[in-house]
Each structure stands twice: as C-alpha cells, then as structure tokens.
Amino acid sequence: MPIEDFQPVIGLEVHAQLLTGSKLFCSCATTFGAPPNHHVCPVCLGMPGVLPVLNARVVEFAVRTGLALRCEVRRTSVWARKNYFYPDMPKGYQITQYDQPICEHGVLTIDTPGGERDVRIRRIHMEEDAGKSVHDAHAGASLVDLNRAGVPLLEIVSEPDIRSSEEAAEYLKALRDVVVYLGVNDGNLEEGSFRCDANVSVMPRGSATLGTRVELKNLNSFRFVRLAIDYEIARQVEVLESGGKVQQETRLWDAQRSETRAMRGKEEAHDYRYFPEPDLPPLHLEDALLDRVATSLPELPRPRFRRFVSQYGLPEDTAHVLTGERALADYFEAVALHVKDPKRLANWLQGELLRLLKEENALLSALRFTPAQLGELLGMVEAGTLSASAAKDVFAEMFRTGRAPRDVVAEKGLAQESDVGAVEAVVDQVLAACPKEVAQYQAGKKQVLGFLVGQVMRAMKGKGNPALVNQVLKSRLGE
Amino acid sequence: MKLTLEQVRHVAHLARLALTPEEEVRAASKLSAILDAVDTLRELDTTDVPPTSHAVLVEALLREDVVKPGLPPEVALANAPAKADTSFVVPKVIE
Amino acid sequence: MSLTDLTLQELSTKLAAREVSAVEATRACLDRIRAVDGQVHAFLRVDEQGALAAAAASDSRRGAGGALSQLEGVPLALKDNLLTEGLETTCASRILGGFIPPYDATVVRLLKDAGAVLLGKTNQDEFAMGSSNETSAFGPCHNPYALDRAPGGSSGGSAAAVAAREAFGALGTDTGGSIRQPAALCNVVGLKPTYGRVSRFGVIAFASSLDQVGPLGRTVADVAALLQFIARHDAQDATSVPATVPDYSAELEAGVAGMRLGLPREYFAGGMDPEVEQAVRDAARAYEQMGATLVEVSLPHTRYALAAYYLIAPAEASSNLARYDGVRYGLRAKGVRGLEELYSRTREEGFGPEVKRRIMLGTYALSAGYYDAYYLKAQKVRTLIRRDFEQALAGVDALLTPTSPVPAFRLGEKVDDPLAMYLMDVFTLPCNLAGLPGLSLPGGFTRAGLPVGLQLLGRPFDEARLLRVARAFEREHPFHARAPQL
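Chains as they are written, first to last, in the numbering used here: chain U, 12 to 490; chain A, 3 to 97; chain B, 9 to 494.
Here chain U stands alone, though its shape is the one from the complex:
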C-alpha cells in the first residue's frame, strides 16, 4: 500500500511552564538563567522533612487555561506522586495529577485546508518540573542543577484527533496563542517553556483499529514538529509495508540528522507506582474562584480574529498578524477609537510600528507615546494636513522621544496646505504665469499637468496637499 493509504493518528502532549514568580510548592524564584543551584531551598532540594505548599496562582492559571479551552473544571482534583529515580528529580518522585486532573474534556479549534476543525482536549493537569542534568561538562560525570526543579507546569493532552503534521503544527500554534493570550505562558519553544511530545501511529485508511503508537520527544520548534511527525509516519509505514511491527517506544527527534531514533538503553516498561500524594489534601475549587476567573477571561485569539475581520473590515492576513499577539491587538483597538480608517491604522501598525519595534528591539508596552497621540497623527493624514511620507518621519520622532505629533509637525514645518482658498490663489498665479503650458494642455497635451503641479508645489515650498493641488488645477483648466 502506498503511504497515502495509511491514516496517521496523532495526539499531542504539551508542557507549558507557568508565568508565576515562585515555584509550585515553595517560594523559590522561577527565574531562568541563574548559576546552578542558586534558586533552591530545602523543599525543592528534596531535603528530609520538607512538605509542599501549593501556589495559589498556579491553580488560577490552570483554571483560566481550562476555561479558555472549554474544559470541565473538577471541583475536587487530587495530587499524585509519580515515582522514578533520576538525579534531576530530587525527591525520587514528581508531584503531579493522575486520575483526577483539574481539567478534562475540552476543545481547541484549528484551521485546516478543509476549514475549521475541533481537536478535543483530553485533560489538563498541574505538575512540577524537573531540574537539569548537564552530561558533557565532566568526564564520566553529570552535573545537576535544581534551579528548575519545582517550577510549575501545565500538561495539556489532546485526544488523538490530529491527522497530519500540518494539523499538529496548527494545533500547537493555536494552543500557544491561547496560553500566551491568557498570560500563563511565554510560548517559547526554543527555550523549552512550551514543550511538545507527540504520540504518532498509523493505520490503514478505513480501519477502526488504531496502530501501535510511538512517543516522539525533543520537538522544540514548529518545524521540527512537522518534520519529526512526517518522518515517523513514513518510517512506520515502511515498517508495516515490509511486514514488520511497530514497536511501542519513545523516540527522539535528531535535528542534525533529520530522523527519529529510539531512545538508547533497554526500554524498560515504566512502573511509576502512582498513588495519591499524602502531603497535599485534595484541591477543592469554590464557585467564587471559577466565577472570578471566568469573568476575567480575555477574548481569545480566534474570536478576536473574526471580530477584527467583521468589525474593522480588515483583510484576514492583517487580522491574523494583529490578533497574533494580545498586546498588539489591544493596542490596535486602543488607537482605533481615535481614527476613522481602521485599515490605514492596521497598515501602520503592521508596517511602521512593527518595523521600528524590531529595529529598536523594543516592546509594545514600552512605547513612549499614547494611543491617542498616534490617533492624532493618523487623523492629520486623513485630513490631508500631513503627507504620508512626512507622517512617517513624525512617527519615527514620536517613537524615539515620545513628543506629541502636532509639536513635531510644527517644529519641522511639515504641515500641508489643505486650505482650498490658499491653493486656488497659488494655482491662479501659476496659470497666469504659464499661458503656453495652459494652451498646450487645452490642446490635448495632458502630460503638461505634471509640470503645472510641480510649479504650484514649488511656489508652496512643497507643502501643498498634492491631491488638492491636482483637483484645483484640473477644475481651473476646465475639467
């Protein structure tokens, strides 16, 4: 059978590091990048006698994410211990949630070539991150750093509803947009604060029996997610086609060789011996908390995208760019209150603003001017009192200094003459001074108009509104 006759079945597990100040069960900082073991205490070192105390913000973030993904939120969820030995897991167990996670049965809508599709979310649970082992610094030894041990994670598990590597990437992008919008995660795949594992299997199309699934790890970019899944689908089909059986195993994506390979060592069947964490009582959620989180939930990227298209009349790709980042979308709407033409605003943000932010490596939150001031600038362009190119210069100045646009325009003398009477006066002077050209124009040599416009603009020292100058000239010339 050719590969097209096989149906890939994919489920994704995402670990999203939560943007809290302190760790899940102790008050150590979650800050990235400190020297080894500088953000540790007896609790996250797994010292004898220590006990976990739950960070309230983690619960709120989990509920927020669950509600945004249309999950059922459990009123009582239970902590569990997952037992295994590894140097970066200092207690010898991970505190996580097992059979009673905080959220279940959600949905995330993604775009596919065939239109929108819902991917079901199986569960979301809270758990602590492990530390970090560095294997290559010392001969025969590994170095253990527990700064990351105990940092709060959300594990978000999809149902195996995904059918291609493209859908997998779409799902991940949509999920990342949501958690970043919610302010619970920074969405950084490369630094590992948004990590993805994929469960991949294939079955003959039309079959009702799922194939053996393989877990793929180390997928730290959207591109790798696509490449690794495609590689794995092809590999599994090849195994089946040559009469073999797919082994249930964990495989790592090797980005250098562009292939997946089985994790080395004997793949012992894990026996994590989950049991309810006796040090933490079951977590009860009160209606008040759920209500508070529900009412404070922001508009999510997808509905906002649709609204930007319908309410502001934006093209879809523009709406995508603007709603891709919550701060940018918020900014757009803040300025939109002050302008007549939201499309012009959208183009400005997409063009000028994003370009300058990128050039200056600056953040939207650190802009020196107010949305109202940007609105005022665009208002001048709309009114014709400022040319588009001059407006760009003014904008650059505002970006650097935060000065009000009218001050910049006044100081640089950039204002455009849009007073009809003033323009008419100059036009009449120029026409009186150029009888030859007027005659040529009226004889049908229309290109003379350019010359006349130039004369008017020169007389106005370049500050005439070009559209208005054109319009007045033509009407004086009898058109």
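Derived from the structure by calculation, the hints contain no laboratory data. Everything numeric in this text was worked out from a predicted model, so none of it was measured. One should not assume that every hint holds.
What the hints assert, rightly or not - Taking lysine-lysine and the DSSO-like style, the derived pairs with C-alpha atoms no more than 30 Å apart in a straight line are:
{"#": "1", "chain 1": "U", "residue 1": "LYS93", "chain 2": "A", "residue 2": "LYS4"}
{"#": "2", "chain 1": "A", "residue 1": "LYS32", "chain 2": "U", "residue 2": "LYS143"}
{"#": "3", "chain 1": "A", "residue 1": "LYS94", "chain 2": "U", "residue 2": "LYS228"}
{"#": "4", "chain 1": "U", "residue 1": "LYS423", "chain 2": "U", "residue 2": "LYS472"}
{"#": "5", "chain 1": "A", "residue 1": "LYS85", "chain 2": "U", "residue 2": "LYS93"}
{"#": "6", "chain 1": "U", "residue 1": "LYS474", "chain 2": "U", "residue 2": "LYS354"}
{"#": "7", "chain 1": "U", "residue 1": "LYS474", "chain 2": "U", "residue 2": "LYS457"}
{"#": "8", "chain 1": "U", "residue 1": "LYS485", "chain 2": "U", "residue 2": "LYS351"}
{"#": "9", "chain 1": "B", "residue 1": "LYS22", "chain 2": "U", "residue 2": "LYS93"}
{"#": "10", "chain 1": "U", "residue 1": "LYS485", "chain 2": "U", "residue 2": "LYS472"}
{"#": "11", "chain 1": "U", "residue 1": "LYS447", "chain 2": "U", "residue 2": "LYS474"}
{"#": "12", "chain 1": "A", "residue 1": "LYS85", "chain 2": "B", "residue 2": "LYS342"}
{"#": "13", "chain 1": "B", "residue 1": "LYS342", "chain 2": "U", "residue 2": "LYS143"}
{"#": "14", "chain 1": "B", "residue 1": "LYS120", "chain 2": "A", "residue 2": "LYS70"}
{"#": "15", "chain 1": "A", "residue 1": "LYS85", "chain 2": "U", "residue 2": "LYS143"}
{"#": "16", "chain 1": "A", "residue 1": "LYS94", "chain 2": "U", "residue 2": "LYS93"}
{"#": "17", "chain 1": "U", "residue 1": "LYS369", "chain 2": "A", "residue 2": "LYS4"}
{"#": "18", "chain 1": "A", "residue 1": "LYS70", "chain 2": "A", "residue 2": "LYS85"}
{"#": "19", "chain 1": "U", "residue 1": "LYS423", "chain 2": "U", "residue 2": "LYS369"}
{"#": "20", "chain 1": "A", "residue 1": "LYS4", "chain 2": "U", "residue 2": "LYS143"}
{"#": "21", "chain 1": "U", "residue 1": "LYS423", "chain 2": "A", "residue 2": "LYS4"}
Start from chain U and add chains A and B according to the hints.
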C-alpha cells in the same frame, strides 16, 4: 501469595536496592509471609467503600505567589557527597 | 532526691522561683546522661555545648525579667527524626550519617522559641520502622526498667530518656504506635495528637498520612505542658489543621465523674498477656469507682487494621525514602560504576534490613498489577476502620484499651520475626489509620516489675479530654513515681 525470586529482583530494581543473593532469598520468604498475613483483607467486601488517603480532610491552604530567598548555594550543597562549583556531581548513566 | 527526679512542671516552678537555674538543671541532666546512658543508650547525640549555651541564654532571659514560658530553661530531648539546624540528624540510619540539616523542624523551632534547652537527639528505630528500637543503625536502646529488654519503638530513646531521668520530657513521633508503645513499656506518658494537630514540617517522613509528632513526659501534666507549645497550625504543612488550641491544663483535674468510657470488645479478644489484661481491667474498675460509666463498644474491623497498616505505611515509605539516593546529602557508596549502581549500592549499604523490607513491601503494593489488590484495598479498609471509630466514639467520651499486648520483651526476641514484631502495634495502629488522638499512661507493673501501659483513644482534636481522663487515673494510681533502678 508467594513471591518468586524473579519478582523480588524486579521489586528491588524498582526500589533501587542492590540486594545480595542471600538477601533476595530471605526477602522472598519474609515478604511472602507478610503478604499471606495481609491477604486477610480479601475477606472484606469493599465494593462500595471509598478509599481513605488522608486521615483528616482539611481544606488546603494555598500559598500566595511570593518569591522568598532560598538557601545560599554553599548551604544548599553543604551536605553533597560530590560537587563541582555549585552543581551536584553524579556518575553518568552507563548503558 | 536529685534534681533530675523532678517532673517537668516541678522543675518549671523551681526555675520560675529561681530556686534552680537552667544551667544547673542542664548540668544535672548531662551528668545523669553520663552516668546512665552507657547502659541505656537513649541518646544518639548529646549536644552538650549547645545545651549549656541555651541554658545560659535562658538564665539571662530569666535575669532580665518579664513573662517567660513554662518551658523556659527546661532540658528536653528530641527524637532523631526531627531536623535540628546545624546538629547532625540521622533518623538512626547510616544513609543519613553526617547529615547536618540547614533548617529546624517547626516543632524544634517552637520549643526553641519557648526557651527550652535541647539536650540532644534520641535513639529510635531506623526511619521509625520498628517496635523495639533494635533496627537503629547505631545500636539498640535498652529499657531502663530491665536493661536486657527493649524500650519499645520506634521512639524508644525518647521514652527511655524520660524514664531514666535523663531529660524532663521529650518529643517522639507516632506512625503506628511509636510514641505510645515505648511509653507503655517504659512507664511514661506519651501522646499521639490528632493527625494535623502538630506540624510535620521538618519531621523525616515515614508514612506521611499517619505520622504525627507528640510529647513524652513522666506525668500527664508534663505532657499537657509540652503539647501546649507544639500544637499549632503551620502554613508550611498543608495537612496541618487550623483548629483553635485549647488550654490543655485547664481541665486536667476535673475528673471523670459522669463520663462514659468505652471498652472495645475486639481489643480483649485474646492474644494479650494476662497480666496486661488484668491491669487494663483493674483500671476500668478504678474509673468506674471514680464515677465513670463503662460501656462495651465494638470496632468490628479491628482485625483488619494491622494488614491495612502494613500495606499503607510501607507504600508511603517506599516513596518517602526514594530521596535517599546519594546525590545531595548523606551516604554515597564508594567505587560505583554509573548512576544506577550509585543508587542501588548506596541504598543497599545505607538502609538496614527492616527498612529495606518495608521499601520492598511498599514498592510491591504500589506496583503495576498489584495496586488495586493491595494498596487500594487497604485504603478502603482504612475507611471502614475510621467509620468504626466514628460510631464507637459517638456514644462515649473515650476508649480504654491496652497499649501493647505484652510488656517489654527481650532484646533479640522478635527482631528476626517481622510478623511477631508487627503484632506489637496491633492496639496502637488503628488510631493512626483513623487519624485520632491516642495516649498511653502508666497502668501498673507485672510481677516481674515490667511496666504496663493503658491506652486512651479519643475524638479528633479532643486531646484535652484524653489528658483529663488520664490525669484522673494518675492521681489515684501514681505508678509513674516508681523510678527505674539504674
């Protein structure tokens, strides 16, 4: 319930205990005796009984998300059998 | 009469009256330890310098005047599973040899804050797993009333230190009877508070859902005084209960007239030493004479408690003890090849046979394919046992039972027979499964001169009533006054 030596070795591996051969034999017999004794629980029908995992059901008090200083690294590593700078040192995994 | 023969309360009074200084009291204890602990081995570590410094500091606080706590300047002993900042804490295990904690357990801090003098760390069964103190990696403790016999366990050192007049009181921990059983065997008073009454933060975990810290003292009033300072809600322990703390001494002398005491039928069903049974029946009659009504009650699932306990406690222990891996503290095996060998050899060398046995048992009970049949089943039975107590205690003020089925047994007699040893906890561990408070008090002596303990079990957070019931008996029958001959 009799534990076989193979089961004893599996459990010892899960628990990361390098039992000596004599210890394995002794563990098989003593653990089997204990498991026989606890098998009395089978007499009870517990179909509709919920499990108790916490002795006293208390409402969990949550902690505010406030950062507090942890241990200075020299204190965090003071008891370490092996360290390099401020890292713990362990032998590598041998395949 | 020597200074060390005073009770905690008597010493406290003399300290307050400045008839004796904290340094004098501490020196008296240190002298007594030097004199007798070679035979008893109640202490694993005596912190002579620290104790004397704390005593001197206490005396200068006393000199400065002002309100001071009842524990101010009182020398006490701590079980070695309570973390003490800067003072080696081993849990009587080789695997924690040389471990210097960077922080104090909450109970230790509370005692320090109250001005108490901490003499050192007492012997115990390794990781509190045992009923005789013989599983200690550093040699057993001996019963002060019969040196060839066990002091009970696991808090054997704390009970023996108090009995041998080496300390005025001590803290122990109780997971299945580890305070009450040694208290019974050593003729002292020991209280296991309600689960959640006392913080477990900084207490080396054995079985987290069962462990509880509690006081041991020579009298009921001494135990009440100690409980007063450690019963606190602790924000660092999520299982700690924010219930109000009553004045445990207020009603101590109020007697038992009009109270109803339950005698659980199943606890008298055989297997008990006849002299122990006689002592409990005598005590019951004594209570009747003091005006209490005796009621026979039933705890029908009692015979399943031992099995449930010996699945739940080892299961939790197998997980709690996974952190002893030779990476961050404690023992690391030498000459290992690779990470896996580091783990398995360190743990093989560091843990004693009973600890390894329980880790194996617990690992097995949680492992794939056995969880439902063992661990989950045990948790369900735990529910039945809790319900038994709820029903029985609904109609009575407290339950009266023996603490231990036998008086102190010979060292070496049971140590190689785990099942026989586990039976030592048969009357004490149901209370841990139910999370209830339990108290053991001196109930007399056998003809051979071995102490017998009476156990009182109460409703959750009803420690004050247990203390009152115990005190009523103690006032009429001051068995505690009979000191061991050392």
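Next on the checklist: Check the structure against each numbered hint from earlier and tell me which ones fail, lowest number first.
Outcome noted: 2, 9, 17, 20 and 21
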